[in-house]
Structure formats: C-alpha cells, structure tokens
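Enquirer: For the record, the sequence lines run as chains A and B.
The opening position of the first sequence corresponds to residue -3 in the numbering used here, with each subsequent residue numbered one higher.
The opening position of the second sequence corresponds to residue 69 in the numbering used here, with each subsequent residue numbered one higher.
Keep in mind that a hint or two might mislead.
Some chain A residues judged to face chain B by a derived CB distance under 8 Å, without partners named [claimed, not checked]:
1) F11
2) L98
3) G183
4) P284
5) T286
6) I287
7) D321
Derived lysine-lysine pairs resembling DSSO-like cross-links, with alpha carbons at most 30 Å apart [claimed, not checked]:
8) A:K74 - B:K320
9) B:K320 - B:K196
10) A:K256 - A:K268
11) B:K196 - A:K74
12) A:K256 - A:K214
Just so you know, these hints were derived from the structure itself, not from any lab.
Note that the Cβ used here is the ideal one computed from N, Cα and C, for glycine as well.
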Amino acid sequence: MLLDIQNLHLEFRTFDGVAKVLAGVDLQMQRGDVVGLVGETGCGKSMTALAIPNLIPMPPGVITEGRVLFDGEDVLAKSPAELQRFRARHLGMIFQDPTTNLNPVFSIREQLVDSVLYQRMDQQTVPGRWRGWMPSARQIRSDAHRRAVELMSLVGIPDGERRIEDYPHQFSGGMRQRVLIAMALAGEPDLLIADEPTTALDVTIQAQILRLIDSLVKRLGLSVLIITHNLGVVAQTCQKVAVMYAGKVIETAPVRELFKNPRHPYTQGLLKALPTSHTRRGELEGIPGTIPNLTRPPEGCRFHPRCSHVMEVCRQVVPPGHRGDSDHITYCHLYGEER
Amino acid sequence: MTLRLYLLRRILLVIPLLIGLSLLTFTVSRILPGDPVGLAAGPQATPEIREALARQFGLDQPLPVQYLNYIAGLFQGDWGQSLYSRRLVLDDLRVFFPATFELTIAAVFIATVLGVPAGFMSAVYRDKLPDQVVRVIALFFVSFPAFWLAMIFQSILGVTLDWFPIGKRFDVLLAPPATITGMFTVDALLHLDFQAFGIALSHLATPALVLSFGSLASVTRITRTAVLDALDRDSVRMERALGIPYRVILSKYVLRNALIAILTIVALEFGWLLAGAVLVETIFDFPGLGLYAVESSLRLDFEPIMGITILYGIVFSLINIAIDIAYGIIDPRIRYG
C-alpha cells in the first residue's frame, strides 16, 4: 500500500466556531494507481490532499483523529526535518493556479535547479551561496542544471536550454503548469498529487496537461492522485475514483464501474447532473438542498437531509463502508453493514 | 541602452520639478510678513543703509525679475548669498550638507541593520513571544518624542557611561580631517587616519542612534508586514511541498519577495531623516543642514532658504531614481521604457 489514509478527522478552530472539515476520510492507493478525488467545492478534497505532505495550516487546523500512512510510515508523526526530507524524496505536488505558485522574481532556472538540488541531495550537501565557488560545488550545480533542462523537455517545454533563463511571467499558463510539474518531478517522487491541476487553464490547455500527466504515468510508472470537481477529468485520466461529500469519502470504485453503476445516492445525483450528448435543454437534474454548514453538520450520514432514500438509521449512525464486488466501496446504509 | 535612455529622461524630468519647487518656495518666502533687510541691517540702520542693502541684494527689483535673476545665477553656479551673514550659500551648504548626509546615512544604516532582521523575525514567529517583544519595542520607539529620547541617550551614553561625547562633530581641540567629501568619517578613511575616524565615529554614534529610532520602528513594522505578505504566497506552499528547507525558503525566496517594500521604506526614511534631523542636530549641537534651514527660515534669509530647498529637491529626486532602478533589479517584471 503506497498511501493509506485512515479515518482522518480535521477541524478548523476559528472565531466563528469549530468547522469539522474532515470527518473520517478513508482513502487507499496502491503503487501505480491513478486515483481521482472528486467532490464539490468545500467538501474537503483539497484538505485531504494537503494532509499527505502535512501542509495543512495549523493553527487554525487541528487533526483530531486518524492517520496518514505513506509506505507504512505515519506522515503526521514526522519531525519537521523528516517531513522536509519526505516531501523532497517521495512526494510531488502541483496546485491549481500556476501563476501564483511560481515565485515571480526568480528565473525558472533558480526555482527548477533548487528543486533538483534539494530533492535529490541531503540538505547539508547542497552547495549554498558561500560554498558555491568551489569546484565540487560548481560540478554539482552544473549537473543540476543539466537535469533541470532534461526535466523541461520531459514535460514538453521546447527549447528548454534557452527558456530556462526566462522568468515566470514570460511563460503562458499552460507552460507554467508544465514548469511546476517539472519541479514536482525533479526528485522522481513516488506519488504526484495534483490539486485541481487544470481548473485555472482554458479547455485546450487542460487537455494538453491531462495528456502530459497520462504520458508521465505511462513513461515513469508514476502514481497520481488527482483532485478535481470535474468528472470529465476523472473519466479521461483515472483508473479509480473516490467521491467526497462534506468531509467524508462516500464511495470509491474503479472509474468504469462508478460511471456504469453508481451506488451512493449522492453519486447517482452527481452523475445525473452531468450533461451528455442526449441531454436536451432544461432536462438536467440537480440534487435538492445545499451542502451542510460544517460548523453544525448533520448527525449520522452527512448527506441524509438531501437524500431521497433516507431511513431512520441514516439520521443517527455514520454509515460504515460496504464492499461490494470489484473494489466498489460504498458508505451508505442502503447497502448493509458488513465491510 | 534602454536603461540609459530611461535614466536620461528621469534626470531631465527633475528640471521642471526643481523649477516648480523653487517658484513655490520663492513665492511663499516673499509673501510671508517680516523684515529680513531690517533684521540684517540692524536696529540702528538708517533708511539709506537699508535701501543700499536691499539694492545690493536686488531686493528693490520687481519679484519676477528677482526670481529670474536668482535662477539665472543658479545656472551659472551662483547659489546666492546670506543676507544675514554675507556668506555664500554654496559655501554653507558645502559644510552643512555633508554633516547631515553623514548623520542620516549612519541613522538609516542602524535602522536597516536592526529593523529588517527584527521585522523578519517578528513575521516568522507571528503572534509568538519574539513577535510580541519586537512589536512592543517598535511601538515604544515610535511613540516617544525624539527630543526626549535624545536627552535620555545623551545623559546615559554620554554622561553616565561616558562612552561617547555628548555633542559636536569632532573633538574641539583637534582639527578635523582635511575636507574631501566634507563627511568627517569618510575623509578620515580617505586620509587613512584611523584615529580621526574613531573620533568622528564616536561623535556620530549617539545622534545617529537617536535619529534612527523613529525609522527603526517603521522599518521593523513595514518589514514585518512585507514578510507576512510574502509568507502568505502560494509559491511558499509550493516550495515547502517541493521539500526545499524552510531556512532556504525564508532567506532566499521570501526575502526577495519582501525586498521591494523594505527598500521603499528605507529610502523614504532616508529622505525624511535628511530633512528632519533638526531636533537631533540642535540637542547634539551637530552643525548640519537642518539647523541651518531652521535658522535661515527664522530670519527669512531668502537665498539660503532657496538653496536648501533646491538641494533637498535634487537629493530626493536622485534617491527616487535610484530606488526605481533598484526595483528593476529586484523584480524582473519591472521594465523601463
């Protein structure tokens, strides 16, 4: 098991009260998996993603329960130095907005070479500004530079040799996202976490970036966790999908299985709300109601106030996972108790 | 090449600015009530003597002519003459400006060297003990009047501890280093006279320290805000996710992001201190431009007032140009054209 998030509970303690942002998230990934994590805005999918490198801002965030196991080690128990090493060696992460995630006042070379240096070497052995003039340090730097140019071509930036000297504002949005992917991949990570990687890009560029991720999965055998609210992105790139609602994963399944045979009423509603080529004007169905206020979430199943199949048990008991056939897990009382 | 053109344009733009500035100062100083000629000539002077004096300084002419005469003189390097002391304004400026310049540089240096690290630490340890301590100290310095702090420091550092002299620019019994720049510390170094350097520096220490306090507070607070701003950027989260050590993120990435704001406040403080050192100069009997400006204004001594104003104008413009160029070095998105 590459990634095993167990019963993760996260609260944000603010002046307005305690928001129970994550309420028992369970998520598993095997090496080589490409998993999509989908859900509406505010359902906690980004927070789940940020918990893996332990980057949730604390305070106000507090993890009250649960574990994040990466290759069997608990990420949340690591010391700051161990965390830094862990992020450098094992994780790559890209975010939604490629413009703000690059530092505007440093050239791509500075940022990419630093990524290469700190992800592939021990902190102490990276030649700093003061030792930079030594022959060994110059060798290390020029190796890192060569590696940086290689990474540029790996992510499909033409003419990397020259463009590496440019600054972020001289790149287009899609190219910036490619640069960020190159930085994330500099240390040959075990897992790439992509938090809404295409949301800030226009549609043609979205397709290019998704194709790039696809090709990296095939070429490097990368494991990827894609966070998105776009089911189209999931269908195009993922093998498995986990659906989140109000701070909890409510259904996980292989992609085809989920689209063909959604079992949780929320997932069913979500798929009905998806336009297809047969949909005519005015025919789209939504899910009645709105997402709950997380400072006072509903008891039991958090979806029960909006659910058309609601039963008495749903109002009181949090539904356990029910494993059907072929890795299809549903957290819903409709499908019995046993796991 | 574009930078050179930009520089040329900026420097040429200073000229209309100076004309406007001089026109304003000229008009205001002439409109103000007062009798500078009578003051300069003395209480016993007969009307004839006063008339002769006014004629000598061209004060009998219509105002526009007086102004044009002044500007014409300026272009020939004639900054005019004090009505009161009959000294050439340029000679006075040569003595007083380097003194204030030296004092201001020392004060800004102290404010920067102490304020930037303090503000940085304050931001990194936001709301924790170091932050609270720094903020209280900054508030303390910003709230206390400079003249009070000046006297306290004079009495502690100068009298009780007897570390530094309590006033003047140099030991009164010794001759200051021969003038090259007019700044005693720099001149002493240029002459390789380290003893004189020590003396000049010890005279500079207390007034510079006191002068720096107000700026120290602003530099600290602005640095804190700028660093908090920089820490809040998405790119910092990205750099952390990449596994770049926090120490490197702070000292390299965050620092550069915060630098524009820090540089701006330091330059602004430099300008303010240059013009606002009067109190400190008075208390430490440090003969500088501030003191000269106040005395000239009180006597409504026209030409020194004009000269000081124009000199300030030039220095301010040059600082602004230098800062604008520095912005471009820090932030590659800024281009000149």
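Enquirer: Now tell me, hint by hint, if it's right for this structure.
Expert: Going through the hints against the structure:
1. F11: Violated. Min distance 14 Å.
2. L98: holds (6 Å)
3. G183: holds (7 Å)
4. P284: With a closest approach of 36 Å, the A:P284 hint is violated.
5. T286: violated (28 Å)
6. I287: Violated. Min distance 25 Å.
7. D321: violated (37 Å)
8. A:K74 - B:K320: holds (25 Å)
9. B:K320 - B:K196: Holds, at about 23 Å.
10. A:K256 - A:K268: Between A:K256 and A:K268 the Cα gap is close to 12 Å, so the pair holds against 30 Å.
11. B:K196 - A:K74: At roughly 23 Å apart (the allowed maximum being 30 Å), A:K74 and B:K196 satisfy the hint.
12. A:K256 - A:K214: The given pair, whose Cα atoms are some 25 Å apart, holds under the 30 Å limit.
Hint check: violations occur at hints 1, 4, 5, 6 and 7; the rest are consistent with the structure.
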